[in-house]
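**Student:** First to last, the protein sequences are chains P and A. If you count the first sequence from 1, you need to add 1 to reach my numbering. If you count the second sequence from 1, you need to add 1 to reach my numbering.
The set of hints was computed from the structure by calculation and includes no laboratory data. The structure presented is a predicted model; accordingly, all values stated were derived computationally and were not measured. Heads up, the beta-carbon is just placed ideally off N, CA and C, and yes, glycines get one too. Treat the hints loosely; a few may be bogus.
[To be verified] Calculated Cβ distances over 12 Å to all of chain A for the following chain P residues:
1. Gln-94
2. Pro-114
3. Lys-199
4. Leu-231
[To be verified] A partial selection of chain P residues facing chain A, derived with a Cβ cut-off under 8 Å:
5. Asn-3
6. Pro-9
7. Leu-99
8. Arg-102
9. Ala-138
10. Ala-173
11. Gly-176
12. Ile-226
13. Glu-234
Chain by chain, the residues:
There are 2 protein chains.
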Amino acid sequence: MNIVLFEPDEFQKPLLRTDERAVHILQVLRRSEGDDFDAGILNGPKGKAIVTKIGEDALSLEFNWNSDEEPALYPIDLVVGLSRPQTNRKILQDATALGVRSIRFVTTERGEPSYASSKLWTTGEWRRHVVAGVAQAFTTRMPQVYFEMSLKDAIDALDATPTRIALDNYEAEIGLGEIDATSSIGLALGSERGWTGKERELLRENGYTLAHLGPRPLRTETAAIAGIALLLEMFW
Amino acid sequence: MNIVLFEPDEFQKPLLRTDERAVHILQVLRRSEGDDFDAGILNGPKGKAIVTKIGEDALSLEFNWNSDEEPALYPIDLVVGLSRPQTNRKILQDATALGVRSIRFVTTERGEPSYASSKLWTTGEWRRHVVAGVAQAFTTRMPQVYFEMSLKDAIDALDATPTRIALDNYEAEIGLGEIDATSSIGLALGSERGWTGKERELLRENGYTLAHLGPRPLRTETAAIAGIALLLEMFW
């Protein structure tokens with residue numbers, strides 16, 4: 002946790018000492034009354050929080066926000082085939098930390114339909130992993146995350162994205178690093194078992210170039226990081 | 002597990018049904034007598050194994066090895082500051098899956114000395130994560146893994162590597178993707194808390210270019226994957 006993040010409606014209330022952020026402030030950062038730490042409001046400003054009082058039940062905090070706006074996220078729209086929840090947790094956190102502006106988790110023909118009813122999605126747990134990624138990246142901006150959609154829905158949503166790429170181990174025509182990307186990029190990854198022929202056809206029909214990440218099969222979460230990193234390079 | 006891997010001295014013995022590979026062959030791959038599956042010997046050949054008998058206590062297997070040699074690993078030598086064991090487990094598996102030829106885990110000034118005495122290193126557990134990475138990549142070649150060494154020891158060992166790079170969030174002069182790498186590459190990552198001034202000096206004195214992976218701080222394991230991917234691109 003490189004920065005302690007608050008929801009827009011909670012930063013003016015005392016922070017309960019049972020809250021994991023309070024535990025972090027007192028036990029990891031070892032802050033006392035009068036000390037400050039890096040804080041931010043999700044999708045809002047960043048700055049310093051001062052611990053004005055450590056009460057029995059809660060911390061009182063005061064905030065001094067920077068006037069600079071946080072940098073925008075990168076114009077990369079990620080599409081990921083629903084995979085095992087532990088895989089998707091990592092992708093939520095790491096793709097967020099890397100700075101993509103949206104992530105769409107889609108049902109695919111080879112994904113298990115049961116993945117969609119995991120508590121990761123049904124209890125709102127997914128948002129916690131996004132916030133962890135935002136905090137890791139020392140910023141406040143959250144990507145848009147969508148789920149409960151088909152691959153076709155995601156393709157339709159990204160219809161206007163100039164560069165569209167689908168990672169594929171089997172029928173790729175080009176290495177991901179060789180693609181000359183333009184202003185914004187849609188990057189689609191299949192579920193753990195990859196795309197079906199029908200999905201490849203749908204992707205090709207919609208202007209997706211099938212690209213590879215080398216000859217070695219990677220875990221979905223590893224491929225997500227490697228693929229995003231190769232695209233980000235042009236924005237650094 | 003994309004391929005079932007055996008040690009050179011064990012593949013001719015029956016495979017106990019309590020072994021996790023036997024469980025995988027019977028329960029995940031659902032193989033019966035007469036069926037085959039992808040198998041390999043660590044640092045040796047790859048091919049097919051046939052289940053000749055499913056006994057009460059063990060499986061009997063026969064192997065048909067391919068005559069082609071497995072492709073070489075990529076000429077990337079990774080140096081990683083010892084981090085928390087859960088971080089190093091991921092790096093062992095993912096860097097192996099990506100195909101680096103060596104990994105050196107080094108003590109750094111900001112790393113916790115206790116990390117070196119983790120059971121990850123003292124019980125040989127580290128090797129299990131390497132084997133998982135090899136199996137993920139559907140190959141048999143293992144990288145060389147070293148630990149119990151200082152940053153200086155690793156720098157000395159990689160003295161002849163033509164391109165030497167250290168990832169750094171603070172004093173980097175160049176993005177990692179902008180470096181024109183040559184035939185082989187040494188890539189050093191600090192521990193979670195980064196390099197000290199003294200370590201940066203040591204790295205610079207030894208010809209390491211400090212390079213960044215963009216402005217957003219990443220987890221060590223995420224930076225490892227992103228950094229390796231950017232270097233691998235030239236070998237695909």
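**Student:** With a cut-off of 8 Å, does the beta carbon of Gly-176/P approach a beta carbon of chain A closely enough for the hint to hold?
**Tutor:** Holds: closest Cβ of chain A sits about 4 Å from Gly-176/P, inside 8 Å.
**Student:** Hold the hint about Arg-102/P up to the distance rule: shortest CB distance to chain A must be less than 8 Å.
**Tutor:** Hint on Arg-102/P: violated, closest Cβ of chain A at ~13 Å, above 8 Å.
**Student:** Given a cut of 8 Å on the nearest C-beta pair, is the interface hint for Ile-226/P held or broken against chain A?
**Tutor:** holds, 4 Å
**Student:** Run the C-beta distances from Leu-231/P to all of chain A and say if the shortest one exceeds 12 Å.
**Tutor:** Violated, because the least Cβ-Cβ distance between Leu-231/P and chain A comes to about 6 Å, which does not exceed 12 Å.
**Student:** Holds or violated: Asn-3/P as interface residue toward chain A, Cβ cutoff 8 Å?
**Tutor:** holds, 6 Å
**Student:** Does Glu-234/P pass the interface check with chain A, least Cβ-Cβ distance below 8 Å?
**Tutor:** With a minimum Cβ separation of about 4 Å from chain A (threshold 8 Å), the hint on Glu-234/P holds.
**Student:** Can you verify the interface hint for Ala-173/P: is its Cβ closer than 8 Å to any Cβ in chain A?
**Tutor:** Interface hint status for Ala-173/P: violated (10 Å vs cutoff 8 Å).
**Student:** Ala-138/P was flagged as interface toward chain A. Is the shortest Cβ-Cβ separation under 8 Å?
**Tutor:** holds, 4 Å
**Student:** Does Pro-114/P sit more than 12 Å from chain A, CB to CB?
**Tutor:** holds, 19 Å
**Student:** Once the shortest beta carbon distance from Pro-9/P to chain A is found, is it less than 8 Å?
**Tutor:** violated, 22 Å
**Student:** Taking the closest pair, is the beta carbon of Lys-199/P still more than 12 Å from chain A?
**Tutor:** Since the minimum Cβ distance to chain A is about 24 Å, Lys-199/P lies beyond 12 Å and the statement holds.
**Student:** According to the definition I'm using, a residue is off the interface if its beta carbon is farther than 12 Å from all beta carbons of the partner; does Gln-94/P meet that for chain A?
**Tutor:** The assertion about Gln-94/P is violated, with a minimum of 8 Å to chain A.
Hints 1, 4, 6, 8 and 10 from the list above are not met by this structure, while the remaining hints are.
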